[in-house]
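Kindly produce the complete structure, drawing on both the sequences and the hints.
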Amino acid sequence: MSVLLEDLFQIAPVFLNVGAAVFGDSLREAGYEVVYVDWSPPAGGDARIADLLDDLL
Amino acid sequence: MVRRTVIRKNRYFDSVFLMRVARRIASQQGMSDASAVLATEANRKVLIGMGYGDDGHDPDFAVAGPNDLVIALEGEEAAVDAIAANVDSYLSQGSETSSGTGRSLPRPRSISEAMERRPDCSLAVISVPGKYASREARTAIKKGLHVFLFSSNVSVDDERSLKTEARQRGLIVMGPDCGTAYLGGAGIGFANAVRRGPVGIVGSTGTGMQEFASLVHQAGSGISSGLGTGSRDVSDAIGGISTLMGIDALEADPATKVIAVVSKPPGTAFTATLAERLGRCTKPVVLCLLGAVPDSWRIHDPEGSRGKPKLRWAFTIDEAVASALEAAGASEPAFLRSDERVMRERAAIEIGKMRPEQRHLRGLFAGGTLCYQAQAVFLRSGLLVHSNEPLRGMPELPDPDESRESSFVDMGAETFVQGRPHPMIDASLRRKRLEREGKDPTVAVILLDFILGAVSSPDPVGDMLDAIRNIQDEARGRRGHLCVVASVCGTDEDKQGLESQKAALAGAGVLVFPSGAQAASFCREAAQMLAHRKETADVGPA
Amino acid sequence: MGLKERINAANAEAFRRIVAADPVLVDVAPASEVIPGMRDRLILHSGPPVTWDRMCGAQRGAAIGMCLFEGWAADPVEAEQMLRSGEISLEPNHHHSSVGPMAGTISSNMWVWVVENKAFGNRAFCRQVESFQQFGDHSSSAIAQLARWRDVWGPALRAAVRKMGGIPLKQLVARALLMGDEMHNRVVASSSLFANAVAPVLVDCGLPKEQVVDTLYYAGNHPFLFLGISMAAAKASVDPARGVEASTVVTAMARNGTDFGIQVSGLDGEWFTAPAPRVEGLLLPGWKEEDAGLDMGDSAITETVGWGGFVIGGAPGILNFTGGTAEQALAFSREMRSISVGRSPDYLIPALNFEGSAVGIDIRKVVQTNTLPVIDTAIAHKEPGHGIIGGGIVRPPLECFTKALTRFGERSSEWSEGPLSGRTATSIPSS
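Protein chains in written order, with my numbering: chain A, 443 to 499; chain B, -2 to 539; chain C, 584 to 1014.
Worth double-checking, as some hints may not be accurate.
To be verified - Ranges of calculated distance between the beta carbons of each label pair, as one might list FRET restraints:
hint: 1; chain 1: C; residue 1: ARG637; chain 2: B; residue 2: ASP398; range: 52 to 60 Å
hint: 2; chain 1: B; residue 1: GLN165; chain 2: C; residue 2: PRO858; range: 45 to 53 Å
hint: 3; chain 1: C; residue 1: PRO858; chain 2: B; residue 2: SER24; range: 49 to 57 Å
Unchecked claim - Below 27 Å or equal to it, Euclidean Cα-Cα: the simulated BS3-like pairs (lysine-lysine) are:
hint: 4; chain 1: B; residue 1: LYS140; chain 2: C; residue 2: LYS587
hint: 5; chain 1: B; residue 1: LYS499; chain 2: B; residue 2: LYS429
hint: 6; chain 1: B; residue 1: LYS128; chain 2: C; residue 2: LYS701
hint: 7; chain 1: C; residue 1: LYS701; chain 2: B; residue 2: LYS6
Simulated from the structure, these hints should not be mistaken for laboratory data.
Ideal Cβ placement from N, Cα and C applies to all residues, glycine included.
See below:
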């Protein structure tokens, strides 16, 4: 269930960091909750396979 | 009180593990006792002795053997029923301490996996390379997440479909190419530490929002929320989907007293939409559309002609801050007022030390919006500068790597950051460019900006200081004088420290101004003076 | 039901079948007696199909060994000629409900462990594990070991297992996992548990004393004895999950030293292969990196059911395979959850707070996260004629999974409507 945008104005979101860790780190250092995704290019960077994954997963 | 056994045939568990399972079951509401054992002859006797399976109502227990697991339950009927229906979850739960926090687990490898573990996540901060960005953002939206999309190089079609899909689910996509946002007190991305207050922002420009928020903070007020939209949101191709969502949300937000829209000029069609929307906004709105012409907006604000205008136009971010503070009931701080006469006097002193061939200005910007704003300041006085990111009406630099005459270069533009960190994080490219500009004997004035904040370099000024000193020395070596002008975007609460950064610049003889607009205004005065001096010089000795 | 939901439901069914397995060791028997399709002049081998000209050195050496063991050839030269000419057929174990360690060779007179999955009624077979011929050593002493297994130990264990009415393996494996085994390269506890279980019965089988004593020594001192049983148990457990329509769960990972191949439930009968990778590991004294052959063996069937590398965090005895730290080993086991359908209700890992092992590798998740299954394995020499030279960790090439996923995409239109219709229980040998 998603959170209303207006509600995020009151209480900071729980962040999901996907990509460069520096964004998550700065939020975490400021005391906010951050969940990190250890991201790497899907399918080893093969766009065709990544498209297929979107249909299957 | 009832007693019942549940049998799981052909299972093996360590007896100590089963003791813990039993204790956990026994501690549930309504339970008085529980056992979990393999049905060996000895264990069966014990259970029978405890009163289980003796009335013939437990046919499974009667035939259970040493390879079968018996869970014996004693308690209120409802509790026993509930446990009996759910026995397997107690066997597969592992220890509660580990599965509870998820701290012992490795980081999830995908958004889906992360959401399985932490369904309370509500905003995805995505900074993967552009070609993967749409895919990750789409997944995030499907999982019910709002999105802060720092990645650039996302196609217009993808941007439109992402934002449309998100809007249908009540979610906002900030970006692509979004640098800054403030939500619930948290500064996201390239954001400065600012206090909370009555001013809400919707912005398509990251450094514009940073500069705005920092100045509001310095003036003693604060930010309620700030929504980045990405630089292309206000184009007609996107139609301001995120901008409009942001305005709606801020209008509904009780903490927001005034809404500031900080943006590059919108597309023609969206200008009409935005004007219509702002015209019926129930809260005061400050519009800072850097480089846009205000005339077309007046007609949408009939109130504006008499009494207190609801829609306040701002040419610069400084003006936007002053208007927003006034609308919020605060007074305009003195540091935002620039005195052109004082500026001219200072410029005259600087230029007086220069050689005649020193005629040109060079701006090297880390903040794209500050580059844009500086151009707007110049254009307003009819002065032209070359730029790699030209404002409408400004000549474009044919080669971003080579300045011409007077040039303002956005060092954060696409060409400079491909495969390289942004100049706000890594100053090396801007430093090299500065050293090159300093070797040009025609250069009179260098304009720089420094952006503080959580994600920025730990010492943005320190990264450039040696280079600044070097080019000043070189100019002195040519018996000239190089005037270096700067502004620092940040607050006293930023980790870099606003005052110490400014002091370091001042110590190196740099003219430091409280804002990008004022630094640009000073440069404009200097440019006019240089142009005038050139004219007189041309007719002089010859 | 949308395609994704359909795949998820199919995977749940494949997972259910794997964890519902009830493997029981029911016999030890000559291959010709029990393996479907076994015949004279046929050598079964590990991994996906491979021809003699592409076969790696160690597997060639093992095949030569089988020709000598069966008496088809008088010497290695003649054996090689027969193999090269095609006089001897070569087929994958997996096409015959079988698995074999390393080169994995099985011929008619090779005795095999027979495991029956009582929950589904299917059987699977694995040859015994030793340290010489299966690594490509075809010396007379290596062949003599095979003969002793055929003539002495195999028949004795057969008598004992039959007299016991079979040995249930689920409890034995669950217990061994708690004792530090991971059922692939660490089977010390399970081997002891097995030896303890058969010993009193073996004594009571009416066999000649020398055979009983010899077999007790063999069973009681063979640190890899149980690997053959655990491989057969894994094969018997996963085979019912083959052919579940629209399922993306892996049903086999097998290597022949030339190719790494995987099979997928919803694409039954097809292999998806890529060049076999190099094993990262430790070598026995006297061997160098350049001596090592590429990844080989059917033993990754253990990982396919969630043992081996998937539970290596619970096997402190082989930490040196994983870089020597418990943290790394635990990280491997945790990581495997990212690519699996669920957790085993039976096979728990104490070091991971008694959480169940990750079961049911989903090729979609592998590709999505670039997380490849962790396999711990032994290393053979690249040339024929040597025994074991080391062991370590290997991961399959991503290409196997992207190929399978591509094929799955091509066939997915077939599954867009209609109810699940996985084939019934018993394993169906493919092609």
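Results for each hint:
1. ARG637/C and ASP398/B have their C-beta atoms about 53 Å apart, which keeps the hinted 52 to 60 Å range intact.
2. For the pair GLN165/B and PRO858/C, the beta carbons lie near 46 Å from each other, so the given range of 45 to 53 Å is met.
3. At roughly 55 Å, the beta carbons of PRO858/C and SER24/B sit within the given window of 49 to 57 Å.
4. With a C-alpha separation of about 15 Å, the suggested pair LYS140/B and LYS587/C falls inside the 27 Å cut-off, and the hint holds.
5. Distance check on the hinted pair: LYS499/B and LYS429/B sit about 22 Å apart at the alpha-carbon level, within 27 Å; holds.
6. Of the supplied pair hints, the one linking LYS128/B and LYS701/C is violated, its CA atoms being roughly 50 Å apart against a limit of 27 Å.
7. Using a Cα cut-off of 27 Å, the hinted pair LYS701/C and LYS6/B holds, with the two alpha carbons roughly 13 Å apart.
Of the numbered hints given earlier, the model fails hint 6 alone.
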